[in-house]
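*Asks:* Here are the chains, one letter per residue:
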Amino acid sequence: MELTKQEQAMLDGKEGYAVRKSMEILVALGEIFDAKNLIDVGSVQVSGVSYHNLGDAGLEFLDSLANDGKVKVLTTLNPAGMDLENWQQLGITPEFADKQNLVIEAFQRMGILVSCTCTPYLIGNLPLYGEHIAWSESSAVTFANSVLGARTNREGGPSALAAAFVGKTPCYGLHLDENRVPDVHVEVKTELFKLSDWGALGYAIGKKAENKIPYLTGIKTANLDELKNFCASAVTYGAKPLFYIKGITPGVEQQIQPKKTVIINAEDIKNAYDSINDNTDEIDFVCIGCPHCSIKEIQEIADLIQDKKVDKNVELWVATSRTIKQLADKRGYTAIIEAAGGKFACDTCMAVAPLKGRFKALATTSAKGCFYSRQNLMKTKMGSTKECLEAAVNGKWNKN
Amino acid sequence: MFRSSGEWKMEQELKGRIIYKGKVEGEALVTNMPISFYGGVDPNTGVVIEKGHELEGISIKNKILVFPQGKGSTVGSYTLYRMKKNGTAPKGMINKETETIVAVGAIISEIPFIDKIDIVKINTGNKIIIENEKIIFR
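Heads up: the sequence lines are chains A and D, in that order.
Going left to right, the first sequence walks through residues 1 to 400 as this note's numbering numbers them.
Going left to right, the second sequence walks through residues 1 to 138 as this note's numbering numbers them.
Here chain A stands alone, though its shape is the one from the complex (with noise of 0.2 Å):
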């Protein structure tokens, strides 16, 4: 790989160690994926929050980059182990708060934005159509590419930090037109009636286009919230972080249809959520906001749930950013949803906070969310909003 004189220092450890160390990561993968150069990117996104996935040497990584510089460009924060100021109203122990903070602390000092979000691009780090960015969180990655046309690889935690000490990232992969081309086609013969089912369509075409860019036709709507969704679904279960729809994601009429064509019926929905589905009626956790809520959809949930009450069973969670719970509190949608019982779980979610073994079945909106969730042995029921919290109501699923 090349590299300017400027770089070349910047390897050389003339900027101190954090940028040398990142350095010589962005170097090693530009020579692993045959990259001629380094490119500016206009923001990162870093994963790898959670104290629960880091462990100590991971705190001690991030506080060795920390004492020693800054990052150079817009960086955003995946979300934590916990909520930031109401850990303990989730059941976060005092040990694991401690260590949580030390981390976050960490990612202050090196100038990140403590957002601790997996969704930038509704509070503020929303990169142009055609941009480079540095972005590791799967669904993140996916929309960024997909939905705003911006280009990224899927970085790893430590990649994402290299990128945002050096500003920069080699330029390989989906940097490059040659390997944003759809590869293969995705008929969609069914409709679509609620925003699980785009969960659904994101698991069968991760497992009919596994490590493919699909090209989906057949699509007539989509809303920012089913576009979240299904990227969250089509890469957590084996697509590639990009595909096209035709007549809805923007670069789609420079594509070509591709030949080899996959289709998708209803009977394919049906079949994603019966493997998604667990055997249960029994619902003890309810959590809506992976990837974490917009502000439309928390409407919805104070909608759905006014003048109801949570069972005294289940813990209901909505999970999003603290920007846009902010937004909640003055809209008084936060009043409605914890006067019917449920709590807000901001900065995290429950594919990274430590919750093996606390609950027994989860009713969630998320195809993701049910895929972390078995990690953390749980039973999973996929439905929409109203089904979710009336399963929230009722502590079983689809009593009605």
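If you are wondering where the hints come from, they were derived from the structure by calculation, not from laboratory data.
Some hints could be false.
Said to hold, decoys possible - What the simulated footprint calls covered on chain D by chain A, stretch by stretch (three residues with Cβ under 8 Å from a Cβ of chain A suffice, anywhere in the stretch; the number is not a length):
no.: 1; region: 13-20
no.: 2; region: 42-56
no.: 3; region: 91-104
Stated by the list, open to error - Derived CB-CB ranges, DEER-like:
no.: 4; chain 1: A; residue 1: L176; chain 2: D; residue 2: E110; range: 29 to 37 Å
no.: 5; chain 1: D; residue 1: E27; chain 2: A; residue 2: G111; range: 43 to 51 Å
no.: 6; chain 1: D; residue 1: G22; chain 2: A; residue 2: D34; range: 18 to 26 Å
no.: 7; chain 1: D; residue 1: N132; chain 2: A; residue 2: D274; range: 48 to 56 Å
no.: 8; chain 1: A; residue 1: K70; chain 2: D; residue 2: K15; range: 34 to 42 Å
no.: 9; chain 1: D; residue 1: V120; chain 2: A; residue 2: N37; range: 45 to 53 Å
no.: 10; chain 1: D; residue 1: K15; chain 2: A; residue 2: N265; range: 47 to 55 Å
no.: 11; chain 1: D; residue 1: E110; chain 2: A; residue 2: I295; range: 19 to 27 Å
We put the CB at the ideal spot given by N, CA and C, even for glycine.
On the provided structure of chain A, position chain D as indicated by the hints.
*Replies:* Leaving out everything else, chain D in the frame of chain A:
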């Protein structure tokens, strides 16, 4: 050529691609299965814990670990760093064709690491030297 346990063994040399440079000498531990460091290896002991893995129950501590590539969560890079701090990391690593998780893990942990090596030529128990882009084993 070395003389070992009554038989003559050829010393072999292979060249690969440096991911993290350094010189290190040790005993090879070889598997043909990819390794997930996050969740697949116990960072406190260095023992592989992934169910059904060829190396399940075996410690990779202080070995020259030879495997095709990493897999699983990108958090695995931090696991390697944690093992290095705990003293349970491999001394060096050799991959057939590496990917980002192990590459980044080796760099932040400063573990000598090369890839693009025909790993089927190496057997568990071989004495190996990694020296920058070169490995010598017998």
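*Asks:* Which of the numbered hints are not met once you compare them with the structure shown?
*Replies:* Violated hints (numbers, rising): 2, 9, 11; every other hint is consistent with the structure.
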